[in-house]
Amino acid sequence: MRNRDANPARTAWLVVAGLVVFMLVLAGCGGGDDSTTGGSSDEALQKVGKGEGEVSLVSWAGYVEPGWSKPFEQKTGCKVNNKEAGTSDEMVELMKSGQYDGVSASGNATARLVAAGLVAPVNVDLVPNYKTVFADLKDQPYNTFDGVNYGIPHGRGANLLMWNPSDVEPAPDSWNVTMDPKVAAKYKGKISQYDDPMSIAEAAVYLMTHEPDLGIENPYELNEEQFNAAVDLMKEQQPNVGEYWGEAAKQISGFANGDNVVGTTWQYQYFALKGEGVPVEASPASQGFLPKEGATGWSDTWMIAKDAKHPNCMYEWMNWIIEPKVNAEVAEWFGEAPAQELACKETENKNFCAEYHAEEPQFWERVYYWETPLADCGNGEEDCMDYNDWVQAWTSIKG
Amino acid sequence: MASEAVVERRSVGHRLADLFHGRPRLQVGALLAGPVGWLVIGYLGSLALLLVAAFWSVDPLSGLTEKNFTLENFETLVNEPVYRDIVWRTVRTALLVTITDAVIAFPIAFYMAKLASRRGKALLVIAILLPLWSSYLVKVYAWRTLLSANGAINWALDPIGLSGPGYGTTAVWLVMSYLWLPYMILPIYAGLERIPNSLISASEDLGASPFTTFRRVILPLSFPAVVAGSIFTFSLTLGDYITPRLVSNDQFIGNVIFSNVANNQPFAAALATVPIVVMIAYLLVARRLGAFEHV
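Just so you know, the protein sequences line up as chains B and L, in that order.
Mapping of the first sequence onto my numbering: residues 51 to 449, in sequence order.
Mapping of the second sequence onto my numbering: residues 2 to 296, in sequence order.
Derived from the structure by calculation, the hints contain no laboratory data.
Just so you know, not all the hints are guaranteed correct.
Unchecked claim - The calculated SDA-like cross-link candidates involving lysine to any residue, where the alpha carbons are at most 25 Å apart (straight line), are: (1) L:140 / B:299; (2) B:236 / L:250; (3) L:140 / L:242; (4) L:140 / B:296; (5) B:238 / L:284.
Said to hold, decoys possible - Some but not every residue of chain L turned toward chain B, in silico, with C-beta under 8 Å: (6) 61; (7) 63; (8) 145; (9) 146; (10) 155; (11) 164; (12) 168; (13) 170; (14) 220; (15) 264; (16) 265; (17) 287; (18) 288.
All residues carry an ideal CB built from backbone N, CA and C; glycine is no exception.
Extracted from the complex, chain L is given alone in its bound form:
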């Protein structure tokens, strides 16, 4: 009985193996059918649905979607100055956060990759990953407490006659820079690790000053990694709406989507196309800068 069953099973396996043998396309097809199916139907499909909905309108009374083609949502988006302000504010903050994170992350990543001992490196990696283990909301509320008028920042600055930024645009910039910093450090760290130390030595041997070595050797070689990290910081800032809501009165694109999504989905969908367009433009620039060549 048992041996028969084994024979049976083996023969099914054999038949399958025979089927795939010498058919590379079928092999790849079977391997990718699931993930690609998910990508196309679940991921791109929902995006397509969103884009289509942007051209629909809504019945003002019931809030139900009316499926007739209209450009009204995009007209509102372009003609009302408040939406231009909001888009510009969001993009500007995303750029500022990205630059801030890059400036802070580079020295840390450089120290980790080139200078720290093995132990120090491990400790730093843990220190950078640790905040990612706690909830996003907890971190933002912690900043709310820090930035409060009677909070720790003002308490620390008070003796030297200064005061913190309080809630507002600066607070959003601070908190976002804090939140997304690890996403900048890790790619730069990985990029710097790949630069052989011999290149740095060679540059020194040839008489380059440390600054020249940095400018002519390290920076060009690690720049794609910085751009790769910037994709994270930029897109995460672009899509966030909880931080602005909790530490400022500023509206970001996400906030306006949120306030429209229940009652006017088509308009929310039209708004959602803005970050998509911005991100596509950003990725095209990033590709130009070589972000996808090594990472």
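This is chain B alone, in the form it adopts within the complex:
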């Protein structure tokens, strides 16, 4: 009897001891971290061979749809496995799993993917359709690193200022309706703000016009003073915010119910609300021009995984997605400007490229595509705030 009583306690101690050893072993595994930075075009594929029969993609919702992925499968014999991601962070996380061949990365993910050694350079000579991609999308800081191309441009757009015209009059031409505390107070509790650290860049874009003394040149490259000014602006905005939206469905219901009347949005929500018959207008979508400060935006890039299991199929896909006809289809489906120049002749709505300013480089000069904030702003001093600082600041803004 006494023996039996002693047993459970001894077993418990053994389990604890085992766990401690297990943890120590794990902690001891440190040091062997091989983070790879930079790369050279030598690493890129030199020749596209026969397809491997399938390709696994990580993409934004609406980028890989049966309308153009089925014909791709028939043409190349590469079966498409698609995984949709909701945020750039999620995309980086999925790519770390090593299960995917490629990703449609926005500019706030590309530098991280390259720095983490998760993606390989792309040999653009093997992508025939690349030749006719808009020149102002080639060799940009978010798709080309140290002079090496890391991807194929997919399409671009500006983040929108959306409002309900029955509550917000006259139609705003400035972000001051959400950013200037005095103006925004009119819509207290009814402002809808994107729930993401990247929103700090919206404040920075606003400050570029309204506080020129801060000297902000790139809203993603902020030194401490500039960053604090942007964060303070967002903190002032916070009491006026009705809802921070993380997922499109939340914002759609917010505008449809009338709880939100003005805020930042994407094409997707704007079109969904229009489709439901909710009165909404958006700049630049329905207005044709940007708010006067400019806007944040995105320019997405198809990248190939460093250890892609199906590299040939991935190259076929990167060429396919900027095929004039296909790129036109994607752009119209999603509501963004195509990356392919020749796509403008293939759109169903013949006015599409004009409406989305696809062929007007001067329009895009005031669209600040998402980038990963890095400590190194290119001035040789590591004095900028990095993405972790942005994430922490975002937590304290919301409180």
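Once you have looked at the hints, place chain L on chain B.
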């Protein structure tokens, strides 16, 4: 042929039976090897991994984990007031939801256990379990619609000159109390069922008023069940991050973990230790209160 095969099979079975015969420890060992292995490796192992990761750091550029020991994550957690606010808000809501659910659940459970007819009891059990069959997200979005400025709550309250709470901290408390109520009712119901009716009669026979009977007999006997139910409501509230995200702008511990998990896993892991510590403390108190003695 066939009979030979049977003989063969039986003999294997026999040999196994012989092996286990008279060896209780081997019997228990074989029975528990799978579940315990799962518990230790799959469950505790992943927890251990999480705790270890909390002491690592992250390369700001690539977001990759750097496996060198540091206390930096915990320092940030303690020194930044915003995290204290978030932890306190989460724990406070969990406590409020627990108290609310206990107060609502007790009369319902009492009616089910002691007063309702068999039919009424069955109907009530179904009514309580029914919401658990629909998706969590559907329920939260339904509350979003109810709480909207132009929603049903305001519509109903408007004629008497009142308005609903709208989105915010109160909304989180309301929705969580709704979501986790069944997890409080069922343990209390089970606990009350176990109290013999004769005890209540005896108390009455001895001249106790209904209130005294409740206070001196029913409550002490059913209290462990209330504490058991509170473990569910408390821990479910503590870990939720979707409800706060959908019906308020409040950040809970889970929200901050969520926003850090992709880019700064070590910090997310450090944050995740907070609910673990809170829950351990809560369970210790619950054990003191006798929650594990009967349930």
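Among the hints numbered above, which are violated by the structure, and what are their numbers in rising order? When the structure is compared with the hints, numbers 5, 10, 11, 13, 14, 17 and 18 turn out to be violated.
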